[in-house]
Amino acid sequence: EATADIPTTPKTVETPLGPCEGIELSSRTSLVPVLRAGLGMTEALSRLLPEADIRHLGYARNETTLEPEIYYSPATPNPAPDLALVLDPMLATGGSACDAVQVVKEWGATEVRFLGILGAPEGVEKLSATHPDVAIFLCGIDHQLNEKGYILPGLGDAGDRQFST
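Last residue of the sequence shown: number 572 in the numbering used here, and the count goes up by one each step with no gaps.
Treat the hints as calculated values from the structure; they're not laboratory data.
The hints are all genuine.
With beta-carbon atoms standing in for the labels, derived distance ranges: (1) Leu559 with Lys418: 42 to 48 Å; (2) Val420 with Pro528: 40 to 46 Å; (3) Pro423 with Leu455: 18 to 24 Å.
Virtual Cβ for every residue (Gly too), placed ideally from N, Cα, C.
Given only the sequences and the hints, what does the whole structure look like? Please build it.
Pasting the structure below:
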């Protein structure tokens, strides 16, 4: 759903048995996984959008303040993407999502979308209030956050679950 309206142009692809009509992206698109949990969404989306480049952002959550702390940000892309898809499976407090979206906007992205798996009402509200121009795509929204900022009932730490840590 998050990619349904991305502009494309027709393209002829040469296969071993002959030409085949296909499509390609007609805009500069970037996938922006928020490390490390966003890596789990990157492969599937890069298969869907093979022309998209990948630009990582690294965040860790301060467990005392629950605020995001950036530890990795690449140089500003040149040219800037027309569309940036910020990938993070969990939208909990909304802190890292809001910060990541701001970084991508500072790169000069014309349009930004947030793609996740599961969210909490608090995170959705914060991202919507901070960046009302950003479309949010989630598979589901759970009940609330606990005192540690985890989604309830949730899935646990998505990065830990993916990487068995």
